[in-house]
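Those protein sequence lines, which keep their order, are chains A and B.
Residue 1431 in my numbering is what sits at position 96 of the first sequence, and the numbering runs on without skipping anything.
Residue 114 in my numbering is what sits at position 95 of the second sequence, and the numbering runs on without skipping anything.
Be careful, since some hints might not be right.
Stated by the list, open to error - Distance condition first, Cα-Cα at most 25 Å in a straight line; then the derived DSS-like pairs of lysine-lysine:
| no. | chain 1 | residue 1 | chain 2 | residue 2 |
| --- | --- | --- | --- | --- |
| 1 | A | Lys1411 | A | Lys1396 |
| 2 | A | Lys1425 | A | Lys1411 |
| 3 | A | Lys1396 | A | Lys1425 |
| 4 | B | Lys96 | A | Lys1425 |
| 5 | A | Lys1411 | A | Lys1381 |
| 6 | A | Lys1415 | B | Lys108 |
| 7 | B | Lys26 | B | Lys108 |
| 8 | B | Lys26 | B | Lys96 |
| 9 | B | Lys166 | B | Lys102 |
| 10 | A | Lys1338 | A | Lys1381 |
| 11 | B | Lys26 | A | Lys1411 |
| 12 | B | Lys96 | A | Lys1415 |
| 13 | B | Lys96 | A | Lys1338 |
| 14 | A | Lys1396 | B | Lys166 |
| 15 | A | Lys1396 | A | Lys1384 |
| 16 | B | Lys26 | A | Lys1396 |
| 17 | B | Lys26 | B | Lys102 |
| 18 | A | Lys1384 | B | Lys166 |
| 19 | A | Lys1338 | B | Lys166 |
| 20 | A | Lys1396 | B | Lys102 |
| 21 | B | Lys108 | B | Lys166 |
| 22 | A | Lys1411 | A | Lys1384 |
| 23 | A | Lys1411 | B | Lys102 |
| 24 | A | Lys1415 | A | Lys1425 |
| 25 | B | Lys39 | A | Lys1338 |
| 26 | B | Lys108 | A | Lys1411 |
| 27 | A | Lys1415 | A | Lys1338 |
| 28 | B | Lys39 | A | Lys1415 |
| 29 | B | Lys108 | A | Lys1396 |
| 30 | A | Lys1396 | A | Lys1381 |
| 31 | B | Lys108 | A | Lys1384 |
| 32 | A | Lys1381 | B | Lys108 |
| 33 | B | Lys108 | A | Lys1338 |
| 34 | B | Lys166 | A | Lys1381 |
| 35 | B | Lys166 | A | Lys1415 |
| 36 | B | Lys26 | A | Lys1415 |
| 37 | B | Lys166 | B | Lys39 |
| 38 | A | Lys1338 | A | Lys1396 |
| 39 | A | Lys1384 | B | Lys102 |
| 40 | B | Lys39 | B | Lys26 |
It should be emphasised that the hints constitute simulated quantities derived from the structure, not laboratory data.
All values reported here derive from a predicted model rather than from experimental measurement.
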Amino acid sequence: MTKARFDTIIHAPNRLQICAFLSSLQEAEFQVIRDELNVSDSVLSKHLKQLEEAGYIQSRKSAVAGRQRMWSSLTKSGRKALASHIEELKRLAGMLNDEL
Amino acid sequence: MVDKNIKSDEAQDALDSIEKMKNSGFRRAAPPRWYAVGMSVIVAIGFALYALESPGNTPALFVVLGIALFVGFSREKLGAFGKELPDTKVGVWALAGICAFLFALFFGGIFIRRAYDISWVPLVTGLIAGITIYLLSESERRYYLAKTNDGTP
C-alpha cells in the first residue's frame, strides 16, 4: 500500500505532466517530452533540472550523427514519490466526490 | 512554490492531467508494427542460417549484433520506449519461459541439423522463432494500447 503524501516538487503542472508521462515509459528523449507538454526547450530544461535535483529523474546524453540528445527517466524514488502524490490527490478528490 | 492546501476540484484536475499524460506515455511505449516485423526477421534469419553447410559463429553473431543495432536504431527513431521488464512476477516468469523456449528451439535445431544431417530443420526453427517474436511484440503493442484505453492514474 502506497502512503499518501503531497509532493510540492511534483505538483507543479509541468512537472506533474513530466512525471506522469515518464511513469509509463522506461526512458524518453527531450524533444518527445517537449512535444508532449507543448513547452519551450528552456521551460522543459528548467523543470527537468528541478526534478533531477530532487532525485526524481535521471538523465543521460547520447550523440547520434554528431547531434546530442538527452534521455530522461523516472528514478525509483521518483516513481515512489509520484505514487504517493497520486494517492494524496485521490484522497483530496474523494473529498470532492463526498461533497457532491 | 506550490500551495499544499489545494482544493478537491484542483486535485481532480491534477488527476485528470496525470491520466492524460500516462495515456500519452503508453501510446509512445507501444512498439510500431515495423518493429515487430524487423525483430522477427532478424531472429528468423539468424536461426535459419544454421541450415548452411558450415555456418560457424555467423548466425549467433548476426542475431546478437542485428538485435543490438536494430533496437538502438528503433530507440533513436521513436524517442521513447516502454519498460524493458514486465511489472508483475507472472510477466517476468512468462518472459523467462519464452526465452527458455527460444534457446531450446535454437540449440535443438542445431543439434538435429548436425546429428541427423537434416538441413531444413533450422529453416523451420527460424520460422517458429520469427513468428514467436512477432506475436510477442504484437502482444506488447496491444498491452500498451489497452492501457491507453483503461489508463486510470
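Results for each hint:
no. : hint                    : result
1   : A/Lys1411 <-> A/Lys1396 : 20 Å, holds
2   : A/Lys1425 <-> A/Lys1411 : 21 Å, holds
3   : A/Lys1396 <-> A/Lys1425 : 35 Å, violated
4   : B/Lys96 <-> A/Lys1425   : 36 Å, violated
5   : A/Lys1411 <-> A/Lys1381 : 21 Å, holds
6   : A/Lys1415 <-> B/Lys108  : 19 Å, holds
7   : B/Lys26 <-> B/Lys108    : 38 Å, violated
8   : B/Lys26 <-> B/Lys96     : 41 Å, violated
9   : B/Lys166 <-> B/Lys102   : 14 Å, holds
10  : A/Lys1338 <-> A/Lys1381 : 28 Å, violated
11  : B/Lys26 <-> A/Lys1411   : 28 Å, violated
12  : B/Lys96 <-> A/Lys1415   : 30 Å, violated
13  : B/Lys96 <-> A/Lys1338   : 38 Å, violated
14  : A/Lys1396 <-> B/Lys166  : 29 Å, violated
15  : A/Lys1396 <-> A/Lys1384 : 14 Å, holds
16  : B/Lys26 <-> A/Lys1396   : 39 Å, violated
17  : B/Lys26 <-> B/Lys102    : 34 Å, violated
18  : A/Lys1384 <-> B/Lys166  : 29 Å, violated
19  : A/Lys1338 <-> B/Lys166  : 24 Å, holds
20  : A/Lys1396 <-> B/Lys102  : 19 Å, holds
21  : B/Lys108 <-> B/Lys166   : 18 Å, holds
22  : A/Lys1411 <-> A/Lys1384 : 17 Å, holds
23  : A/Lys1411 <-> B/Lys102  : 13 Å, holds
24  : A/Lys1415 <-> A/Lys1425 : 15 Å, holds
25  : B/Lys39 <-> A/Lys1338   : 23 Å, holds
26  : B/Lys108 <-> A/Lys1411  : 18 Å, holds
27  : A/Lys1415 <-> A/Lys1338 : 9 Å, holds
28  : B/Lys39 <-> A/Lys1415   : 19 Å, holds
29  : B/Lys108 <-> A/Lys1396  : 31 Å, violated
30  : A/Lys1396 <-> A/Lys1381 : 17 Å, holds
31  : B/Lys108 <-> A/Lys1384  : 33 Å, violated
32  : A/Lys1381 <-> B/Lys108  : 37 Å, violated
33  : B/Lys108 <-> A/Lys1338  : 22 Å, holds
34  : B/Lys166 <-> A/Lys1381  : 30 Å, violated
35  : B/Lys166 <-> A/Lys1415  : 20 Å, holds
36  : B/Lys26 <-> A/Lys1415   : 23 Å, holds
37  : B/Lys166 <-> B/Lys39    : 12 Å, holds
38  : A/Lys1338 <-> A/Lys1396 : 33 Å, violated
39  : A/Lys1384 <-> B/Lys102  : 23 Å, holds
40  : B/Lys39 <-> B/Lys26     : 20 Å, holds
Against the hints set out earlier in the document, violations occur for numbers 3, 4, 7, 8, 10, 11, 12, 13, 14, 16, 17, 18, 29, 31, 32, 34, 38.
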